[in-house]
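Participant: If you want the building blocks of each chain, they are given just below.
2 protein chains.
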Amino acid sequence: MHVTHQDLLNLEDRYRANFVNSLSGFKSANLVGTADDEGNTNLAIVSSVFHLGANPPLIGMISRPHSVARDTLENIQSVGEYTINHVNNGIWKRAHQTSARYPREVSEFDAVGLTPQWQEGVRAPFVAESRLKYSLALISSQTIDLNGVVLLIGEITHLHVEREAIAEGGYIDIESLGSIAVSGLDNYHVTDSLGRLTYAKPHTKPEIFG
Amino acid sequence: MHVTHQDLLNLEDRYRANFVNSLSGFKSANLVGTADDEGNTNLAIVSSVFHLGANPPLIGMISRPHSVARDTLENIQSVGEYTINHVNNGIWKRAHQTSARYPREVSEFDAVGLTPQWQEGVRAPFVAESRLKYSLALISSQTIDLNGVVLLIGEITHLHVEREAIAEGGYIDIESLGSIAVSGLDNYHVTDSLGRLTYAKPHTKPEIFG
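Line by line, the protein sequences are chains C and X.
Start counting the first sequence at 1; every next residue gets the next number (UniProt numbering).
Start counting the second sequence at 1; every next residue gets the next number (UniProt numbering).
One should not assume that every hint holds.
Which copy? The list can't say, so a pair holds if one copy fits it or any two copies do.
Once the Cα atoms are required to be at most 16 Å apart in a straight line, the calculated EDC-like pairs of lysine to aspartate or glutamate come out as [to be verified]:
#, residue 1, residue 2
1, Lys93, Asp37
2, Lys201, Asp173
3, Lys93, Asp71
4, Lys93, Asp110
5, Lys201, Asp145
6, Lys93, Glu105
7, Lys93, Glu129
8, Lys205, Glu105
9, Lys93, Glu207
10, Lys205, Asp110
11, Lys93, Asp7
12, Lys93, Glu38
13, Lys205, Glu162
14, Lys201, Asp7
15, Lys201, Asp110
16, Lys201, Glu38
Just so you know, the hints here were simulated from the structure itself, not pulled from any lab data.
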C-alpha cells in the first residue's frame with residue numbers, strides 16, 4: 001500500500017495521530033515525575049523520552065505545550081528538575097491512567113495509586129514502584145518552530161536501579177525489570193529478547209552472546 | 001543501588017555507553033537508506049528515530065557526526081532525502097551488520113545482503129525486505145551544542161506499508177509486521193502486546209480493546 005504526503009494530510013486528525021504515531025517504531029514508556037514550587041506533585045506518562053548521549057549522560061524528551069501534560073512542562077521549566085521512571089508490567093495500566101485530564105490540584109500519584117518517593121536534594125518525586133529511575137537537571141529547553149513542540153534536554157543527577165539487572169559490560173537488562181514498550185498511542189508490549197549481538201566488523205558475522 | 005552523576009562520569013567509556021544507552025527504555029530499530037549525489041547507496045541501522053509530530057507528519061533522528069554512520073549524515077545533508085525502514089525479525093542480524101565499518105565505496109546493501117528498492121521521485125533507496133518504510137525530505141538539521149550530535153527533522157513524502165497491518169482508528173499493528181525493539185547498544189527484542197487501552201478519563205478505569 002502506497003501512501004503519499006498528501007494522503008497523510010487528508011486524514012482525519014485522530015486517525016492521522018494514530019497512524020503517524022506508529023511510524024517511528026517501538027517507543028519507551030516512562031512516567032515523568034515533577035513538583036511545582038510548593039511541592040505539589042504531578043505524574044505523566046510519556047513515550048517521547050530518548051537517548052541523546054552517554055558522555056555527558058544526556059536524555060531528551062519531547063513535550064507538547066497544549067497537551068494534558070502541560071503541568072509537567074510548566075513544573076520542569078519552573079523548578080528545573082524532573083524524574084524519569086520506567087513503566088513496568090506491574091504498573092502499566094496505572095501509568096496509562098495518568099494521561100486522564102485531572103484537575104490541576106489533583107496529584108496523579110493519588111488518583112491512580114502510585115507512590116511518590118523522595119531523594120534528598122532532588123525537588124521532583126520518583127515513582128516507588130518503578131525499578132529503574134533517575135532524576136534530571138534541565139539544561140536546555142527549546143521550542144521546535146516547525147510544530148511548536150518543546151525539546152527538553154536533561155542531565156542525569158541520581159539514578160536508582162536494581163543491581164541484579166546490570167549485566168556484562170554495563171548493559172542494563174531492562175527486559176528483566178519488566179520494562180514496557182509502546183506502539184502508536186495506546187498499545188503496550190512486553191518483550192522477548194532475540195539476543196545481544198557482538199560488535200559488527202566487516203569480515204565477520206554477528207553472533208549472539210551473553 | 002544508588003548511582004550519582006559523578007559515578008556515571010567515573011565509568012570507563014564503553015561501560016558508560018552501554019549503561020546510559022539502556023536508560024531511556026526500549027528504542028526503535030530502523031535502517032536509514034541514503035545515496036550520495038552520484039547515486040551510490042548507503043545503509044545504516046539506527047536506534048535514534050523518534051516521533052516528533054503528526055500534523056505535519058514529522059520524524060526526528062539523532063545522528064553522531066564522527067560515528068560509523070557519518071556517510072549517512074553526509075548523504076542526508078547533501079541530497080536532502082532519506083528513507084526509514086523498520087527492522088523486522090527476518091532481517092535483524094543483517095541490519096545489525098550494517099554497523100560494521102565498511103570502506104566508503106562499499107554499499108552496506110551488498111555487504112549484508114539486503115535489496116535496494118527505488119521509488120520514482122525519491123533520491124534514496126528503500127529496503128525491499130522491510131514491511132513498513134517511508135521517505136523523508138530533510139527540513140531541519142541542527143547541532144546540539146551540548147555534545148555535538150545532530151538533530152535531523154524530516155517530513156514524510158512517501159510511505160509503504162502492508163495493508164493488513166492497519167487496524168482500528170488508523171493504528172498500525174507494527175508487532176504483526178515483526179518490527180523489532182532495541183535496548184542498550186546491542187540487544188534486540190520481539191514484542192508481545194499486553195493490549196491497547198481506551199482513552200483515559202478521570203472517573204473511569206482504562207480497559208483493553210481491539
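Participant: Evaluate Lys93 and Glu129 at a C-alpha cut-off of 16 Å and name the case that applies: within, between, both or neither.
Facilitator: within (13 Å within a copy, 35 Å between copies)
Participant: Quick one: Lys201 to Asp110, C-alpha cut-off 16 Å, is that within a copy, between copies, both, or neither?
Facilitator: between (51 Å within a copy, 15 Å between copies)
Participant: Up to 16 Å between alpha-carbons, please classify Lys201 paired with Glu38: within, between, both or neither.
Facilitator: This pair counts as neither: shortest intra-copy Cα distance 54 Å, inter-copy 26 Å.
Participant: For Lys201 vs Asp145, is the C-alpha pair at or below 16 Å within one copy, between two copies, both, or neither?
Facilitator: Answer is neither: 40 Å inside a copy and 31 Å across each miss the 16 Å cutoff.
Participant: 16 Å Cα cut-off: does Lys205 pair with Asp110 within a copy, between copies, both or neither?
Facilitator: For Lys205 and Asp110, only the inter-copy Cα distance (14 Å) is at most 16 Å; the intra-copy one is 51 Å.
Participant: At 16 Å max between alpha carbons, let me know whether Lys93 reaches Glu105 within a copy, between copies, both or neither.
Facilitator: neither (22 Å within a copy, 50 Å between copies)
Participant: Can you give me the call for Lys93 and Glu207, within, between, both or neither, at a CA distance of at most 16 Å?
Facilitator: between (37 Å within a copy, 9 Å between copies)
Participant: Is the C-alpha distance from Lys93 to Asp71 at most 16 Å within one copy, between copies, in both cases, or in neither?
Facilitator: Neither: 21 Å inside a chain and 43 Å across chains, both beyond 16 Å.
Participant: Under a CA distance limit of 16 Å, which applies to Lys93 and Glu38: within one copy, between copies, both, or neither?
Facilitator: Answer is neither; intra-copy 28 Å and inter-copy 51 Å both fail.
Participant: For the identical chains here, do Lys205 and Glu105 meet the 16 Å Cα criterion within one copy, between copies, both, or neither?
Facilitator: neither (57 Å within a copy, 20 Å between copies)
Participant: When Cα atoms must be at most 16 Å apart, do Lys93 and Asp37 count as within-copy, between-copy, both, or neither?
Facilitator: neither (29 Å within a copy, 49 Å between copies)
Participant: Regarding Lys93 and Asp110, is the shortest C-alpha distance of 16 Å or less found within a copy, between copies, in both, or in neither?
Facilitator: Classified as within; 14 Å inside a copy, 45 Å across copies.
The structure is inconsistent with the numbered hints 1, 2, 3, 5, 6, 8, 11, 12, 13, 14, 16, although it conforms to all the rest.
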